[in-house]
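Participant: Starting from the known structure of chain A, arrange chains B, C and D with the ligands on it as the hints suggest.
Chains as they are written, first to last, in my numbering: chain A, 1 to 353; chain B, 1 to 353; chain C, 1 to 317; chain D, 1 to 317.
Any given hint might turn out to be false.
[Stated by the list, open to error] Ranges between beta-carbon positions, derived for each pair:
(1) B:Arg200 - D:Glu260: 52 to 60 Å
(2) D:Ala28 - B:Arg347: 42 to 50 Å
(3) D:Asp265 - A:Asp30: 52 to 60 Å
These aren't lab readings, by the way, just hints derived from the structure by calculation.
Backbone N, C-alpha and C define an ideal beta-carbon position, used for all residues, glycine too.
Read off the chains here:
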Amino acid sequence: MSTPDEPRPRRRREPTYLDALTFALDAAMDEDPRVIVMGEDIAGGAGTGEPFEGQMGGTWGVTKGLFAKYGPTRVRDTPISEAAIVGSAVGAAMAGLRPVVDLMWASFAPYAFDQIVNQAAKARYMFGGQAQVPLVIRMSVGAGLRAGGQHSDSHYALFAAIPGLKVVAPATPNDAAGLLLSAIRSDDPVIFLEHMSLYRLKGALPDSTAGIPLGTAEVARMGSDLTIVTIGASRQIALLAATQLALEGIEAEVVDLRSLRPIDWDTILESVNRTGRLVLVEESPAGVTISDAIAAEVNERLFGRLKAPVRRVLAAASPVPFSPPLEDAWLPTAERVLVAARLVCDRLPAGRD
Amino acid sequence: MSTPDEPRPRRRREPTYLDALTFALDAAMDEDPRVIVMGEDIAGGAGTGEPFEGQMGGTWGVTKGLFAKYGPTRVRDTPISEAAIVGSAVGAAMAGLRPVVDLMWASFAPYAFDQIVNQAAKARYMFGGQAQVPLVIRMSVGAGLRAGGQHSDSHYALFAAIPGLKVVAPATPNDAAGLLLSAIRSDDPVIFLEHMSLYRLKGALPDSTAGIPLGTAEVARMGSDLTIVTIGASRQIALLAATQLALEGIEAEVVDLRSLRPIDWDTILESVNRTGRLVLVEESPAGVTISDAIAAEVNERLFGRLKAPVRRVLAAASPVPFSPPLEDAWLPTAERVLVAARLVCDRLPAGRD
Amino acid sequence: MTDEEQLEGLLAMLRIRMFEDRVRTEFAKGGMPGFVHTYSGAEAIAVGVIGALEPADLITSTHRGHGHCLAKGAPLDGIVAELYGRETGLCKGRGGSMHIADFANGMLGANAIVGGGIALAVGGALASQVLGDGRVAVAFFGDGASNEGVFHESLNLASIWSLPVVFVCENNGWAESTPFSYASSVSSIAERGVAYSIPAVSVDGTDLTAVRAAASAAVARARQGNGPSLLECIAPRREGHFVGDPEEYRGREQADQARESDPIDRLAEQLVARGILSAEALNAMRKDWSGQLDRAYEFALAGPWPDPLDVERYVYS
Amino acid sequence: MTDEEQLEGLLAMLRIRMFEDRVRTEFAKGGMPGFVHTYSGAEAIAVGVIGALEPADLITSTHRGHGHCLAKGAPLDGIVAELYGRETGLCKGRGGSMHIADFANGMLGANAIVGGGIALAVGGALASQVLGDGRVAVAFFGDGASNEGVFHESLNLASIWSLPVVFVCENNGWAESTPFSYASSVSSIAERGVAYSIPAVSVDGTDLTAVRAAASAAVARARQGNGPSLLECIAPRREGHFVGDPEEYRGREQADQARESDPIDRLAEQLVARGILSAEALNAMRKDWSGQLDRAYEFALAGPWPDPLDVERYVYS
Ligand SMILES: Cc1ncc(C[n+]2csc(CCOP(=O)(O)OP(=O)(O)O)c2C)c(N)n1
Ligand SMILES: Cc1ncc(C[n+]2csc(CCOP(=O)(O)OP(=O)(O)O)c2C)c(N)n1
Ligand SMILES: [Mg+2]
Ligand SMILES: [Mg+2]
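Chain A with its partners taken away, still in its complex shape (with noise of 0.2 Å):
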């Protein structure tokens, strides 16, 4: 698909999500000749050999830049083929190399199913540890652009069901960095999903190439009377959310699940026991959701500890529509998120949820 229709606002004063993600990739290629970035459209008029080569840096820019500085060699505009890119890719990282794939957007991934769940994911293990395949797959994910069905995925839990692979949702400019520099770092294969709502969002970059370690969630803010738990763009509406509940008298923890799988127990389960009650929010279809998971494993956990039942604010059980007032009855809303900790706090009577 395509860029919305506004203008990309690049390298203002403070440096968006998209900035976050250019700098990680470049600190990586700079650092690193054997990676390299790979996928449909992120450069842009390829093989023409005019000017205009390589100024598009995909969907939303990120790879902006990159052509001109790695070359044509390192910075690959591909064909529309999603399972021999992620195929490639997972061939030339056991071979040597570091690719950053482009999926462009999640709901795309399933044509590269194959190659995620059962050539990248096992390599490893049913090779006795012999192969290495260290590839990051990046994704734009997430509902909200009256995209329609086939545009506004997730999968996050299709995701997140597979052992093998890692799976990282930043939610700030900190963390896209952060943690794209340390998947393309990591010797396994990383699921990198970017929530379109959160490209604009502004942020302060971090001060070194350092890295956030996978595996690792984060108390966006702290709180002592209920915890939320977030993925992706779920953070930004559950700190409004819990903006609004300090004035009602009720402190919410946010915790940023940032990694979804593996999962960052000690951190949700330290929070949880401390304020017994929980809310999770994820833009995942209900069913089977890495919420239910959590909630499964809290209440295991923390069996008796709880204050209140743990509630999950979910998108709606079907798949995205396109028309606005169902796209936003579906998504979950800041709106839900008060509902269920209110009531998990005890503030109001049980009703629609």
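Facilitator: Positioned in the frame of chain A, the structure of chains B, C and D with the ligands alone reads:
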């Protein structure tokens, strides 16, 4: 892949799960000329016109006899092209057929994930109810055959996470026949998961071709002390465990989920509400599972009414290993169900589960 | 094509063009949600191919589906209302531009997955073969889509089963920002026919009569039970990939070149030169359609939004 | 090929054949877990192609991977131990026959997913091109695999990027129970080369010298930076699809025909006729290898099982 080495026992006195599937396919094809079956090697010797054409009848012999009875127009061997097999079946379903696809092993399904996730599951919704996709996709699932990492997945959670799909996993000959008949008659795409360890299981077939409603669980054994919810072949190990538990004075109720999407919440909640204790058994790698979703929901709906934490008996968080001792350790077992049940019933100090 | 057919074809193409021009304007104004990809410049393909079909025949489409929809006879009101996400839209607002469909007229959906419609059309043809109802199915897809694996699998399957399907590749020279010449290992998609023993031709996709002739032959072949055909129609992409595309990846030159051969101007000039069409008649056509478009926009914008409580409706039957 | 190379090649083929004969016997006895697919009849392909490679070159394989493994130099002990699921196996028992691999020798894995190795080899070639280390990658795959979409995508990608990869199709006429002639829209896989502008040849896959000559040309082309080649090697399937296959889907005739041209007998006869090899020397070879096999089985069966507590080891680095 292939069939195990022993000769196939066909049409013995007491029918098997395999016979049940054949029976249902035959009945469905007989009653409705729009039903076709298609897949790799479901006939055998395709196009030879020799007496042996159609003799094979699929990896497990399920489609044996259908080629002779219904001919090459309705019993179609395909090339090894999972995407086109499922994609064309989706299109055929939209255009008036009721195809039953045999994908062989669930591990091959990722090749067809675009067609399953983006086409079959979404068509009805995205097109505002215009499209019907009366399609069944059958697959063998499950570990235990020493088939290794790329032939042993069940992918229960992946399928059950997709709105728009119905997902069933019969565990007895009776259910295999009844659910397959209903799946074929359903106007929605149904993923039909057959655990390989069940194929030779004997049991009565249904008296009629009425079918068993999708979306209903079955109480496989009544009991008052705890509820064990099972998926597919886990029913057998849970029943085994229940027999042992009874000797120990614990009466377990075994609820066979049968339908993994949608889930029969009424049956589960009624049972757990009565017993106050829940163990879930599922052959999915730990991480994100259907059992997690059930545990989360039960904990929420029956908060404060559970006598013990819900326990999940899952597969290990890895691809399926080839080596027998590893694969045995990977699988959920009756032994592990026993341990979990005793724990939940407070008959044992907390130990390794 | 008879003179009358050519006139009709011109009108059909004009309708698509004017429809898209209007969409572009309205989209720029805001209020039309989501993403829109126009069909401008490729009108002769939809009109030429679908003109060779019977009403009961089936088509599958792409992210660029307006032209196919209109040519297959979808009601204008329902199309526009769909673009606005209204309950009165063809897909009750659930689909939008990228998933527009009209099953009543055999249009089995635009598809926002590149290559997504190819196997579906093979399935339509399979249904026809099994039911013996004589329908032909057409898969429209882009040059970019022909690099998807499902293209390969679909053509092979249709070939060995001799299915009544026509594969129509709309080669506009670009897949988003990527030139066809870079992404494809052949200089013409038609060269791939031989890998499937499928007869393949490449025609000028801006020449309505050429497209129609090739399509008629392919459809006849399918209808007679002789199997699939591959028809490449070359029609350079005149506009950005989507409405609002800044086109940083190509120069003005490339864009201008693409505009040189306009299927509508070209046919209109011929018909005027041959005295079959007058400037006045052309204007009257435009005016009439323009009025219909006005009314369709009014209808669409007056239409109700879907009820948010219905968000989980239509997931299952 | 020099006489010496031919002798070496014969020995390499003999080793594979005897290895498989032994596997079949042991499998029938029980004790060898899982599924086994033999390479019998196709030995000239693995030996001919891999003989044209340097040790640092890479290969990807199929569910029928024993031959590729042995030819690429994998240690016999590790192979046999792997088939028995022992900690001493090449994959520490995690893989088994269908996932045998030897990364140290550039064998990037058997693949139980049909077509699974094709794109991986393209990736190996991509690594070579980026790193500039001159390695060539070879993808082995069956005739059935060539109908998978990933075949198409891989060949297109390798072509436009001019990658140093050789696509070797082992056409044995069958994909499980399905004849090649039924499932494929072409009469020879080599006919598909033109769809990717990739030079393609079809050779007798039971003729070691023919395979080796064609492979050498393809490898040289790749090594010189001139891009991929497609090499079809025809070698009829002599046995059932897997060990224990009742083969209900073909007649004795088909199976017998497949045995007519045996790559090993054929070369051995030639070498004997030409006086390069004596019956005694051949017997000595057999005996020596037979002894090595005995020792490998001993090694394998004496090997420890993996520790069940390690079930989640090797998932991540
Ligand atoms: C599977 C998939 N991959 C990528 C995209 C993003 N995308 C949308 S249109 C397009 C280009 C399609 O090119 P082509 O098939 O030539 O059609 P055109 O737009 O030129 O009509 C791409 C890459 C997508 N929608 N689906
Ligand atoms: C994706 C996938 N589909 C189906 C199978 C089952 N299967 C295993 S081998 C085989 C036949 C492969 O035929 P071919 O590629 O010609 O190789 P051959 O066995 O003849 O060497 C099939 C269908 C599989 N393993 N993977
Ligand atoms: Mg195009
Ligand atoms: Mg074969």
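Participant: All hints are to be evaluated individually against the structure, with a verdict given for each.
Facilitator: Okay, the hints, checked on the actual structure:
no. : hint                            : result
1   : B:Arg200 - D:Glu260: 52 to 60 Å : 38 Å, violated
2   : D:Ala28 - B:Arg347: 42 to 50 Å  : 46 Å, holds
3   : D:Asp265 - A:Asp30: 52 to 60 Å  : 59 Å, holds
Violated hints amount to a single one, hint 1; each of the other numbered hints is respected by the structure.
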